[in-house]
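> If you're matching them up, the sequences are chains A, B, C and D in order. Each residue of the first sequence is one higher than the one before, starting from 3 at the first, in my numbering. Each residue of the second sequence is one higher than the one before, starting from 3 at the first, in my numbering. Each residue of the third sequence is one higher than the one before, starting from 3 at the first, in my numbering. Each residue of the fourth sequence is one higher than the one before, starting from 3 at the first, in my numbering.
Take every hint as true, because none was put in to throw you off.
Intra- or inter-copy, both count: the list cannot distinguish identical chains.
Under the rule of at most 20 Å between Cα atoms (straight-line distance), these lysine to any residue pairs were calculated in the SDA-like manner:
no.	residue 1	residue 2
1	Lys77	His21
2	Lys353	Ala149
3	Lys193	Gln259
4	Lys193	Gly254
5	Lys193	Ser165
6	Lys322	Ser258
7	Lys62	Arg88
8	Lys193	Ser258
9	Lys62	Arg324
10	Lys353	Pro34
11	Lys77	Pro34
12	Lys77	His122
13	Lys77	Asp102
14	Lys353	Gly35
15	Lys193	Tyr256
16	Lys353	Arg150
17	Lys353	Met36
18	Lys193	Glu56
19	Lys353	Asp10
20	Lys45	Ser153
21	Lys353	Pro216
22	Lys322	Glu63
Since the hints were derived computationally from the structure, they do not count as laboratory data. Source: prediction; values computed, not measured.
4 protein chains.
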Amino acid sequence: MAGNIFGDVFRVTTFGESHGAGLGCVIDGVPPGMLLSSEDIQKDLDRRKPGQSEVTTPRKESDRAEILSGVFEGKTTGTPLAILIRNNDQRSQDYSNIQDFFRPGHADYTFLSKFGIRDHRGGGRSSGRETAARVAAGAVARKFLAARNISVTAYTLALGGISVPSVDFSEIEKNPVRAPHAAVAQEMVRKIIEARDAGDSVGGIVEAQIIGLPAGLGDPVFDKLEAKLAHAVLSVGSIKGIEFGSGFAAAGMYGSQHNDEVVVQNGRPSTVHNFAGGIVGGISNGDAVVFRAAVKPTSSIASRQNAVNRSMQVSQIEIKGRHDPCLCPRMVPVIEAMAALVIADAILIQKTIA
Amino acid sequence: MAGNIFGDVFRVTTFGESHGAGLGCVIDGVPPGMLLSSEDIQKDLDRRKPGQSEVTTPRKESDRAEILSGVFEGKTTGTPLAILIRNNDQRSQDYSNIQDFFRPGHADYTFLSKFGIRDHRGGGRSSGRETAARVAAGAVARKFLAARNISVTAYTLALGGISVPSVDFSEIEKNPVRAPHAAVAQEMVRKIIEARDAGDSVGGIVEAQIIGLPAGLGDPVFDKLEAKLAHAVLSVGSIKGIEFGSGFAAAGMYGSQHNDEVVVQNGRPSTVHNFAGGIVGGISNGDAVVFRAAVKPTSSIASRQNAVNRSMQVSQIEIKGRHDPCLCPRMVPVIEAMAALVIADAILIQKTIA
Amino acid sequence: MAGNIFGDVFRVTTFGESHGAGLGCVIDGVPPGMLLSSEDIQKDLDRRKPGQSEVTTPRKESDRAEILSGVFEGKTTGTPLAILIRNNDQRSQDYSNIQDFFRPGHADYTFLSKFGIRDHRGGGRSSGRETAARVAAGAVARKFLAARNISVTAYTLALGGISVPSVDFSEIEKNPVRAPHAAVAQEMVRKIIEARDAGDSVGGIVEAQIIGLPAGLGDPVFDKLEAKLAHAVLSVGSIKGIEFGSGFAAAGMYGSQHNDEVVVQNGRPSTVHNFAGGIVGGISNGDAVVFRAAVKPTSSIASRQNAVNRSMQVSQIEIKGRHDPCLCPRMVPVIEAMAALVIADAILIQKTIA
Amino acid sequence: MAGNIFGDVFRVTTFGESHGAGLGCVIDGVPPGMLLSSEDIQKDLDRRKPGQSEVTTPRKESDRAEILSGVFEGKTTGTPLAILIRNNDQRSQDYSNIQDFFRPGHADYTFLSKFGIRDHRGGGRSSGRETAARVAAGAVARKFLAARNISVTAYTLALGGISVPSVDFSEIEKNPVRAPHAAVAQEMVRKIIEARDAGDSVGGIVEAQIIGLPAGLGDPVFDKLEAKLAHAVLSVGSIKGIEFGSGFAAAGMYGSQHNDEVVVQNGRPSTVHNFAGGIVGGISNGDAVVFRAAVKPTSSIASRQNAVNRSMQVSQIEIKGRHDPCLCPRMVPVIEAMAALVIADAILIQKTIA
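All chains should be built: construct the whole structure from the sequences, respecting the hints.
Structure (structure tokens):
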């Protein structure tokens, strides 16, 4: 209802604001007997945390995950798994000058319209920091998937108009933009630094591949696997679109092309180009699930810009704070987390059927 | 769980297959006291039904909606509103020759993988006919929205590589492709007929505009308004992607551009280009909500093509049946219905907050 | 939300009023591959239908179940199973004289308070007739349970102050009150006829036993098996209470008594008296689940009585219609149905854990 | 699904075990703008905490509530309200001798059957300590209700066979058993001490009254107000039954009696004896909602008793730990909490209708 709970069986509740005591999640429905330690969670949190490279915000947050419940002697017990991440580097004063302004591109006005009250310190619940709880929950889902040989890998496919010509998974974590291509990654870094130095920001595209899925996951009507992945990914701030397989290119294709060349692979029907993106009729077909998400350029930029204030007048503001000049590098683990949550849930849902 | 229920407060359950007794829906949570007749539903069903023009399938289905419950003396009572649409024009024999084949682009193999059993007659639950129940439910939502001066209007923006240069709502229902531009509509019709005569099909893009929304709808975290609309739209068969406002173009923009020129309009903050697509931080801002959905070309084409059979061998099949050479014209009311369901739900959810 | 959907995995939506076109249900989450025919459903509907004996209302309703979807070639397909029961014997005019009165013991005033609108014909959605849809859905659940050797058996334990001294399952369906004891059943019949002839009605207690459950069903916190059974049973009109195993008698016992004599039975821990009622800590222990429901005397009685009208004045009314002088006999299949729905759901939920 | 989430709009997720880092709750759907401090929560926690009197367990737990999120400048923000209670007085060693035994009356065997793994320290998630999180959440609901002049008051109605002859709310918090009658309270205290000294425990009945409810809360079918209250109350450990208004006594009444003497009170229909317990047809009628819950005697008793071990042999064990000789006194705030959660939820749900 109020939208802080996600999933049907592997069900995550998140809480917390950017400038309060902390944030975290409770996962109900984690199967019992799974090995889990706080290191499993920390690993992904570290990939999301600020200050990790020259192209991310210089804010420092340790983002330490504490498991509060649901694990006994190193194993999940089947009871709710609660994870807490305390806030520490809070510069609330950075936000005092914008208390009376609706920042362009931010949820300031809409949040106030909805709730009639607003924690103006860094966006509160609308802050990107909220995604730390998603990543923590996603890390548990990823561990669950790893035990079934299912991997979720995301990367920066394009950024500021620059695209990678090919994808090499082994490059992704070697460069700060998380691009799957060494040379293009360097160009992308330069693009970000250039934008940052100009007091600006850039957008990009994050692509994800889910490999190892069995055929038969997802539901045929309202909960098609694409529908749930789209819900998951578009629930992340700053995402403007999603496409699966052929995506928007399908709009310009003929049926004879899109149906593709049919082959039998690993004992099941497949196609040469995977235009379906691994999902047909809402249900996985055993091929890699492939989707792309459009990431808008960061709304918080250093340049002075016009903004509307509470008296509904336009005047210039300067956003202090410390912000990412491009969201893609830190978005990669967030999108992986959201996709992992959907897939873990789909696997558990499928157990009720077969 | 099994994905045949949609929505939180305005909650729709659908049922039915293409070749059984019929299909329909039950809506729980329709507010009491709303005027409603079966004509309100029929109007939208007629826009979706097959055989309505030269560019749709020649199948004839009367698609008459019967309201089974929830209306008394012309008004909704607050109890579940059940609607039944009987099937009548069923040519199950058209499907007998493909019983042992997995049709390219269809859910045949994935459905069987999931359920271990399959109604092969026209796709059963995976048939596009399933959307009739969505349109019936959506018609009730649209009536609810109309009383609040909210309209949902979809149209064919592009088709087979042809796009409209501008949007004129008054043209949409005047041409069989439901394009918002008279001249381009004629080109699109020719494109469809050309493809059909070649035993092929074409894809396209459907755009939708939701006008009249108050600011404050949608939730800030998992149930962002985009997330729920994306879930709704990608739950429709043959949709490969969705984008809001600037969409994928945002990936190539700078923050200073995307933040746009800020203005005050109707006493609230707005922007010149509505790159946000009417939603910021997951919550409506009072501007038009704008999204585009990529529609793949129809999978059922008349030309002979390769397919895999149950023995996992590739051989040629011919799909008889009678199919739409382009899904866009009939997809328009389906997308309107799904969007209307999300918005009606969001309005009722917001009543629990303010 | 609006409370017409029940269950988590085996999820039932019901619809319909006593005097509209009909009523029915849609079950989402029925596992595929289960044999099912409309006769399976009819059998239980016939046990619930009016006019079946001298002690029930003389109203005649054929209550024929039509399966609209979800079954193909005699087996469930995993898609929603919709069942429709048309209304036919409607004497709406019986209710015209009470249109402006709030009948004692009925939901007339509360329904109007909630919805601001009311279908006064026989209670509309608040009519006992609404339970026909529950029985139809419950019949599907019972079929599912039967395949797992789980039975749900309810019977009239007490009625108008008369109790059975012992329980013989084989007697239940042999007498019109569904008491598990031949001689006491006759006394109960006399008691009902006596009350009816005096223009009055009597209450009673229905007990249910669920036999064959494995240990491990139910959840440890909010969804304890007792909690869900209590929810299910108290959602039936006219039920005033429920107790499990020792029930209210536990309030007067010592811990040393209630812990009971511990034994090992069928290779698992058990107790001599089953004070636990087959559930410990919210989870089934493998013993029979036993509960009792208190059934109030029918509110609709033939004698003239005082009632409040819409002008908030008290005056005498006479309720015409045709009503059961005791609800227990027809309540038995309804309680079985509700219990079966909870257990089928619990079994499917448990599949997500182990 | 896994049953650690409760409610539809005012939705509570709880987590935590008796012997881990701590326990707590996240409430999604708390309306914004409500005054709330940790003292509001502490007040109720103190009424539940162990060691508060001579008749409760001597265990000492400070049970300090920390609000982690959802409150800004003393007011709720509409975002998730997370509350954490750290564990501190943990004597895990008390449980080492029973690690291999299934304690009589406890969830040891059933928990293991369900999850295949078990935290044996004090019951883990099945511990009564789990209710602290419910009381914390309930305190927020009670604050919400207080602002609407709705009160939820529970008390010990009977205990070890002793019942109060009349109810005086002002006495409840003046005696350690929370009985609404000074003299009888003293008898009850003696009864508890006597049982404790004999290494035994006693059961009782807790009654609750919800006063100030408007007519129109609750839903007519599956989510009748009794059904949700029953679900809530029977989800608390050690509760064996619930009854509303006339309750089980209704089973022996005539319809003419149970319909009661009809009167007009406060401008609405009412009755002299409130046999309905304030709810008709599942919807509140404006009278006090009255229910009684049967509380079994504490399963953990000091006397030696037989138990089954993991090898399925019966032998004698001694339960060390420190336990309440009667659960009623500390059960009172738990039942109030659960009832408050249901009512707060019902009020918010009703906002979607009228």
